[in-house]
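**Student:** Residue numbers (our numbering), protein chains in the order written: chain F, 8 to 243; chain Z, 8 to 243; chain R, 8 to 243; chain E, 8 to 243.
In case anyone wonders, no lab produced these hints; they're calculated from the structure.
Below, in silico cross-link-like pairs of lysine to any residue (SDA-like), each with a Cα-Cα straight-line distance of 20 Å or less:
1. E:K191 <-> E:Q205
2. E:K191 <-> Z:E233
3. Z:K122 <-> E:Y187
4. E:K191 <-> Z:E230
5. E:K191 <-> Z:R228
6. F:K144 <-> Z:G166
7. R:K191 <-> F:M226
8. R:K144 <-> E:R161
9. Z:K191 <-> E:Q225
10. F:K144 <-> F:G157
11. Z:K144 <-> F:H167
12. R:K191 <-> F:R228
13. F:K191 <-> R:D227
14. Z:K221 <-> E:T208
15. F:K197 <-> R:D227
16. Z:K191 <-> E:Y229
17. Z:K144 <-> F:V164
Protein chains: 4
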Amino acid sequence: MLGIDGIVAIGGDGTFRGALELSRMGIPVVGVPATIDNDIGCTNYSIGFDTACNTAIDCIDKLRDTMQSHERCSVIEVMGRDAGFLALYVGIAVGATAVLVPEKKLNIEEDVIEKIRDSRIAGNTHFMIVVAEGAGKAYDIAAAIRDEIGIDPRVTVLGHIQRGGSPSARDRETATRMGYYAVKAFAEEKENTVICIQNGTITAIPIEDALKMKRSLQMDRYEILETVGIKAFPED
Amino acid sequence: MLGIDGIVAIGGDGTFRGALELSRMGIPVVGVPATIDNDIGCTNYSIGFDTACNTAIDCIDKLRDTMQSHERCSVIEVMGRDAGFLALYVGIAVGATAVLVPEKKLNIEEDVIEKIRDSRIAGNTHFMIVVAEGAGKAYDIAAAIRDEIGIDPRVTVLGHIQRGGSPSARDRETATRMGYYAVKAFAEEKENTVICIQNGTITAIPIEDALKMKRSLQMDRYEILETVGIKAFPED
Amino acid sequence: MLGIDGIVAIGGDGTFRGALELSRMGIPVVGVPATIDNDIGCTNYSIGFDTACNTAIDCIDKLRDTMQSHERCSVIEVMGRDAGFLALYVGIAVGATAVLVPEKKLNIEEDVIEKIRDSRIAGNTHFMIVVAEGAGKAYDIAAAIRDEIGIDPRVTVLGHIQRGGSPSARDRETATRMGYYAVKAFAEEKENTVICIQNGTITAIPIEDALKMKRSLQMDRYEILETVGIKAFPED
Amino acid sequence: MLGIDGIVAIGGDGTFRGALELSRMGIPVVGVPATIDNDIGCTNYSIGFDTACNTAIDCIDKLRDTMQSHERCSVIEVMGRDAGFLALYVGIAVGATAVLVPEKKLNIEEDVIEKIRDSRIAGNTHFMIVVAEGAGKAYDIAAAIRDEIGIDPRVTVLGHIQRGGSPSARDRETATRMGYYAVKAFAEEKENTVICIQNGTITAIPIEDALKMKRSLQMDRYEILETVGIKAFPED
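Take the sequences, apply the hints, and build the full model.
**Tutor:** Here it is, written out as structure tokens:
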């Protein structure tokens, strides 16, 4: 059709819905999941996530350099309108005092203020709060910290910085392998599928099934964060 | 005095004023200029400036990656409450459409809107506006662009990210040399001076004289920016 | 014993064998796999691998910048005395013309010369050869290319550069989670185990069992490389 | 001539000699100095030097990470066939124990062995030797250290990694300004010149004069290195 043998559709659920429509019109399609939010239901990993995490962590490292004096607090807003995967991953990687995700209704007193108090009692003198953009306004959270704790936090909104940059090793290697399996899917007449990673293995799932799948936040990691975060970097 | 042979005071004018007081109390001091603003009057270069510029440029490169579609605009706020050296340097390095500095009273129509219009006529489809924090509010400038040009700019405030990170080659090499000359100043009884770089040469200037010197923005560079910026990266 | 409640032993098989001895002396131990070679049998991932891959890729990107003229060839030796995981991963990520791994007996004619010839026929004008240190001498391979193809390749030995640097997002996040499960293993009396990742899930495997496990090179990835590498970046 | 209004010739002395020939044939030319060696006689700074220095330092930082145990030594070969500017700059920036430059006839006993001995007496336990490629063979120097000191040094040859990468802030800003003045030179009929930086100021020098100028190594910096290097990072 139109001289098109097939389309590799790289993106998220919206992209795959469009691809599904095209497939219904007779154009073979194969989807490859790519979004820095890593929230596509059918796959454990989406291309772009690792690069965005590395960028966010690199920025937070630079912020930490100026937080070494006593009683400093930083509130960093990272990407994630509907999903907290990136915030959670980054929060674990930097040893955040608290991470706020859209999947969990925000209770500032419990999720932020108490955690800073616990962290302070544990001997910490600076506090890193990572907020997914969909979880709450960084400036509101900072205001609450100012009122309740008496420290004036610095707010940083990373924004579209997280969307650019040279791709990381993991994103390049994964993208190459997914691209290979996408082309192979056409060759083996497994069209109208999405190339997914599940439990470390690449598989092709029919688009319609893929679109029905949901990915829920790893609550075990949230628990790790709560355990580790409070005591993070106490020696600094 | 107090068993102190001498103090190397690293910082800006405030630090040097404190050092001057100490020298009057009989403690020998030598100043070393360090501020990411690069606005210390007695020296052409202050330690920290190059690292901050590289960080800002690295972030702006990442923002540019997502600006490749047509008619995009980014407003980036960089450090510089009273001085535009960093904004100007970064603006030239990234080929900014406009740079706003505290040394020049802001006229949004002339300094921003007209430049975007000229750049658009010259064939550009995306526009990078660099604002020193003391020159104007990034959000106000974005609002004006939205109203007058009809593009909704993305705002990024780099903030304290610019203050951290591993020091650049230039900052390390310059810091080592300045430190060497600071120690040498004590050895040669040239105390109560500031180690400065003037026209590429390191000299020691009496603190009192150093504090009276002012550094004005390089207007020749501002002119370069105006010439180059409009046509920057037209092929992108 | 000795006032030691337990030891978290971070490293590879040698470290775990030492830990096993300690456990036999009555000191509880838990192993955490860490080696840039990623060749520990019991786990799909070892801490340090991702950071080393990113460093290698970053260096290879810089080498590629100077390979843009016609008919250039680079031979890059990466870490991997006994295992080719890093070489393979990096090779896929950079689109290498050929990757040489210790797991496969080297046949220079077949594994290097023919691949360069095929790549040249496919229209490529520069060729990137990635060699694990245990697979062959980079200088010998370069000499063979010079003799057979008539291009003088540039040799780069990355060496210990790959062992340093700030850890990547993936290494930090994984290390934090593995550390959490290591401490939890003591709390839950699952001592004398190694914390492993298998099919995307963290589990604790008895050290003795862990030491018996072998990890073989992902030959599916080797195949991907052979398919993709030849045509990689033909438009450059 | 040939419809060419003028040529901006970017490179070193070879490039400028070619440009001079073209100018004699009636084609107006303006030279812009660019070489990572920074050894062009007419200018204090050549485009590319800062990027190469940052790359070298970044690699050396990674090497240092694995040198923290006692009695380790690294020999790093950096670019510089005929000139030691890069080696000297990098050596000062990383606090090298010794820097070997082509401008100074190599005496291994005096220039390397004695310096390591002095550094060891001063309490240091690891030693960084930076060698410009034209000053001596890194492997020979390593062999001498092994024989005389009894430490087996690790050799790293940075090679063409130093030629690539995204340009640094300083290189971008300087290149933009030099390019501006090159175009301006045509407009103001100052053709057949080279755009140079002298004592911090940009000027246009006739090519013929420029080609006669020589740049000698900054021996004051060599002295700084000798003073600072021995005691560098004693607390590590």
